[in-house]
Amino acid sequence: MSQSLYLQVVNLLSALLLLIAFAMLSQRRVVGLITLFAWQGLALALSTTIVAYSTGQHHLYYSAALTVGLKVIAMPWFFFRLIRQLDAHREVETLFNVPTTMLVGIVLVVFAFNLAQPISQMSGTVTRSILGIAMASVLLSFLMMITRTKAIPQVIGFLAMENGLFLAATSATYGMPLVVELGVALDVLVGVLILGIFFFHIRETFDSLDLKHMESLKER
Amino acid sequence: MTIGILIQIAQTLLAVLLAPLLMGWVNQCRAWLQGRSAPPILQPYRTLIKLFHKDAIVAHGATPLLRFAPYVFFGCMALAAGIVPMVANDLPFSPAADVIALVGVFALARVFMALAAMDIGTSFGTLGARREMLVAFLAEPALLMVVFTASFVANSTQLTTIVEALAHRAFAIYPSLAFAGVAFWMVAMAENARIPVDNPTTHLELTMIHEAMILEYSGRHLALIEWAVALKLFTYSALGLALFMPWGIAETGNFAAMPLAVLALLVKLAAGGFALATIETFLAKWRLFRVPEFLGTAFLLGVLAMLVHLLLEV
Chain R
23 MSQSLYLQVV NLLSALLLLI AFAMLSQRRV VGLITLFAWQ GLALALSTTI VAYSTGQHHL
83 YYSAALTVGL KVIAMPWFFF RLIRQLDAHR EVETLFNVPT TMLVGIVLVV FAFNLAQPIS
143 QMSGTVTRSI LGIAMASVLL SFLMMITRTK AIPQVIGFLA MENGLFLAAT SATYGMPLVV
203 ELGVALDVLV GVLILGIFFF HIRETFDSLD LKHMESLKER
Chain L
70 MTIGILIQIA QTLLAVLLAP LLMGWVNQCR AWLQGRSAPP ILQPYRTLIK LFHKDAIVAH
130 GATPLLRFAP YVFFGCMALA AGIVPMVAND LPFSPAADVI ALVGVFALAR VFMALAAMDI
190 GTSFGTLGAR REMLVAFLAE PALLMVVFTA SFVANSTQLT TIVEALAHRA FAIYPSLAFA
250 GVAFWMVAMA ENARIPVDNP TTHLELTMIH EAMILEYSGR HLALIEWAVA LKLFTYSALG
310 LALFMPWGIA ETGNFAAMPL AVLALLVKLA AGGFALATIE TFLAKWRLFR VPEFLGTAFL
370 LGVLAMLVHL LLEV
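Top line first, the protein sequences correspond to chains R and L.
Going by our numbering, the first residue of the first sequence is number 23, and it counts up by one from there.
Going by our numbering, the first residue of the second sequence is number 70, and it counts up by one from there.
These are computed hints drawn from the structure, not numbers from a lab.
Ideal placement from N, C-alpha and C gives every residue a C-beta, glycine not left out.
Don't take each hint at face value.
[As the list claims (entries may be wrong)] Incomplete in silico selection of chain L near chain R, CB under 7 Å:
| no. | residue |
| --- | --- |
| 1 | Ile242 |
| 2 | Met314 |
| 3 | Gly317 |
| 4 | Glu362 |
| 5 | Gly365 |
| 6 | Leu369 |
| 7 | Leu376 |
| 8 | Val377 |
| 9 | Leu380 |
| 10 | Leu381 |
Throw the hints in and build the complete structure from the sequences for me.
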């Protein structure tokens, strides 16, 4: 009974993760986007902790701690500092209007759920039904990267995609080996730092963080 | 059976009589939260009594529809209040309509109000009616998605069975119902003309939705409409409680649990009213063209709830 209660809580948290992915898709402001990203990281960390506790997979604790440290505290703090320095907390521009994006998002969720159905049946873990949600949140983050024109929302989309991948790894195989997870976390951290430097250079060159200016960078 | 009918009548009367009290409570909470001195909690009753004592004035050229519509509106809401399980489950009247028919009853009331508002042909009435229909046609699919989710969980569209399944079966966490609950809350805000969609206390004709429709009414007609609006809020709250927090509703044939059920209902409604007032305090009324986005989000949450149910809970 308690085992199934843990599973229900994990299901609830992963459903929450999907909901936050949708909320990020509809969010118009950069500040709200970063806050939602932090909450998504927290939901991921909680569900990872509960999976770790209920299945006795101790290395998942480290994974959860990494998620809290990096994605709930360090990166949002870094982004908040960045938008203050760049003075970039104006509205996020989207290519399509929000309701259209949401409808596309629903189609993606249906697609991901159908795609995950046969795969999750091959997996032997108790949390295998979450795989569909993980894939859906990866696809939704993709969609966010596609529909946003500014640099910071695109990077947040990239990081949210990584959240989805971690959820997929936790649900399908109880997480990747610790070395891999440490490597990925380090990569993401370094990536964000480098992209932060890039933001300054992009703004210095184009006077804007809008990435459509980069289309004019062509070799002659 | 006789006892069942008596309890049915008592429950419907309870809803009809307590509805203005809920309205008064919400107004009072809202005043407190906004730092105003609150009107007494019985103020809606006084307004109703005052309006019932006044003469009803009907415009020249009004068809009987205008007089008729308030009675239909009130009748529909009283019918809905009889169907939704509030205190006792499986009353003799509840097989009369399942949740889908209940949504239809709400739609019937709305159509009559919109037609009556267009009847005289004043521009504000027409404007209000059109806006109301815009909100309604966006809210209804979202509401249906919500009730479909609850029906999937309980394997039935009968409210009785849904309450039975959720309240008296082994406890389980349903992520789908959490989503559906948020969607239901958004739909209820829109349907009851509460703040992000419509301001119930507005006096500015250009931003009105519901108020613009009833500008032509006075006297007992207006009193009936006000009462029916309060009853609609009460019934929507009770429907939400029945779908998402049915704990406390007495089981079929268990009459001893009924005083406790009344107490549970009152506590839940008081908490819900306070939450409604809090949300209304923190939000501003949105422009009309943001309303499709608001209700689109509600629809999306409803669809998502159904998908999550199919993925996680089957």
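Now the hints, each set against the structure:
no.: 1; hint: Ile242; result: holds, 4 Å
no.: 2; hint: Met314; result: violated, 16 Å
no.: 3; hint: Gly317; result: violated, 22 Å
no.: 4; hint: Glu362; result: holds, 6 Å
no.: 5; hint: Gly365; result: holds, 5 Å
no.: 6; hint: Leu369; result: holds, 5 Å
no.: 7; hint: Leu376; result: holds, 6 Å
no.: 8; hint: Val377; result: holds, 5 Å
no.: 9; hint: Leu380; result: holds, 5 Å
no.: 10; hint: Leu381; result: holds, 5 Å
This entry does not satisfy hints 2, 3, going by the numbered hints stated previously.
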